[in-house]
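Undergrad: Could you build all of it, start to finish, from the sequences and the hints given here?
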Amino acid sequence: MKNIKYFLATQLFIGLLLSGCNLVGGLFNYGNQSNSSAISENNQFAGTNFPLESCGDTLTQDSHAYPLEVYSVTLKNDIRDMEGNRRNVEIIKSRFCPNSSVGGYHEQDEIAQFMTRDKASDFKEVIEAQLDNDVIQVSSPQIIEIPPSQIAVFNTKEEIGEAAGLTESQIEQLISLEEFQTNNGNIRKVKAIVPTYLPPGFKVDEFTINQWGNYSISYKNDHDACFRIFDTGLRGDAPAKHDTIRSIYSHALGYINLGYTESSRLSSGGGPDLSTGFDMVTIDGNGQVVKGNYSGSDFGYILRFDTDRCNQQPSLQELIKVIQSLHLLNPPQTTKPPSTNNPFQSMSFPKESCGDSLPEDPDAYPVEFYPVFIDYSESNLESVQSQFCRDSLKIYRESLDKEYIQVSSFIGRERANQFKEFIQSEFVNVEIGEASIIEAP
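Using our numbering, the letters of the sequence shown correspond one by one to residues 18 to 458.
Hint data in this document are derived by calculation from the structure and do not stem from the laboratory. The reader is advised that the hints may include incorrect statements.
[What the hints assert, rightly or not] Lysine-lysine pairs mimicking DSS-like chemistry, simulated, CA-CA at most 25 Å apart:
hint, residue 1, residue 2
1, LYS237, LYS220
2, LYS338, LYS220
3, LYS368, LYS338
4, LYS141, LYS110
5, LYS141, LYS220
6, LYS110, LYS136
7, LYS136, LYS93
8, LYS110, LYS411
9, LYS93, LYS110
10, LYS338, LYS110
11, LYS368, LYS411
12, LYS237, LYS338
From a predicted model like this one, the values you see are computed outputs, not experimental measurements.
TA: Here is the structure:
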């Protein structure tokens, strides 16, 4: 029997601190060290101050380094011991990786990815020192073909539709769903999402919109391999459980979880039964991702992505590229105020981190870092991560007794104010916080 993979992708928002600085609450987050007595002396993480804002290695942007191997460190969960799972998740998030995607509901959750097996094994050893059971594992190597930055970003419906292989008529039909009137007279605002990366040889095979305003686009190649992306309407299902979970960045949805399960079962039709979906994501009428609305509502629709009765399926790596490339077909058009002197106008976004790095020159100290805040909401967090700074994160400002999103931090008020002006057309309230003084490197 063949090994068949089942895929599911559900949304995940997560703030990564990858490059530059995003001072948490105006301060660097120096936590407690792990219990080094239980780990070997030459462990690379023996002296690390945990918890970290981001665990794992950042993929290099050098295209010559690809393809490369990455090793996932995963948490193995026991479906018969949910209390134990929750305890392990709490330890990992509170002591090591607060922004990890671990949840304790799947058979395995990915904690972090590393470029070498040795580094992944050292990280595994550090976490195991504080967990009772043998629940931390290192996966087999996964091949990454291209750097994330090589996934093209498009800004107009014409560019997005062309990349998705759609005709002008199909583009207009999908956009018309934004004001679709149902049989009972209700207006259903469907914001279509389409892939802008198609594996070589794939093209649109079927395009349908039914009487309820649900769309389906099937892609197929000459070897009868196919996948489709479709809107399921306002119906919601419970999240599926899978053996392995990976965090994938999608242009349209931000960070989502890709889950997959190895199986030897074949479908009744004699071919592989493979599916992937982010069926817990809803999109509102403005194209914003709505979190926590698992049953569907007037906000928008629930989207799922899966294969459709094919004899073959694209590889896991190709499906990852498709997910990374997802775009809103008709993205909200915004106009930023012109500013010839604003350096951020000429930069390419989104970035892994927008903030300034600490100066290497010791004579440059002390320096003042000014954080930039916006009001907290789940849609604001998703929007700022997908459009500007992927390491933006929710924080609690004790002086105001209120939660905010810290977008980034900059050296000097002028830089912070320039960034504030750059993003304020996208958000109702943008503030510059009090400076944090860094005395020495």
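Undergrad: A separate judgement is required for each hint: does it hold in the structure or not?
TA: Quick rundown of the hints versus the structure:
1. LYS237 - LYS220: Within the cut-off at roughly 6 Å; holds.
2. LYS338 - LYS220: Distance of about 15 Å is within 25 Å: holds.
3. LYS368 - LYS338: It holds: about 18 Å lies between the C-alpha atoms, which stays within 25 Å.
4. LYS141 - LYS110: holds, 14 Å
5. LYS141 - LYS220: violated, 42 Å
6. LYS110 - LYS136: Within the cut-off at roughly 20 Å; holds.
7. LYS136 - LYS93: holds, 19 Å
8. LYS110 - LYS411: Satisfied, since the Cα-Cα distance of roughly 15 Å is no more than 25 Å.
9. LYS93 - LYS110: holds, 15 Å
10. LYS338 - LYS110: violated, 28 Å
11. LYS368 - LYS411: holds, 17 Å
12. LYS237 - LYS338: holds, 16 Å
Violated hints, listed in ascending order, are 5, 10; each of the other numbered hints is respected by the structure.
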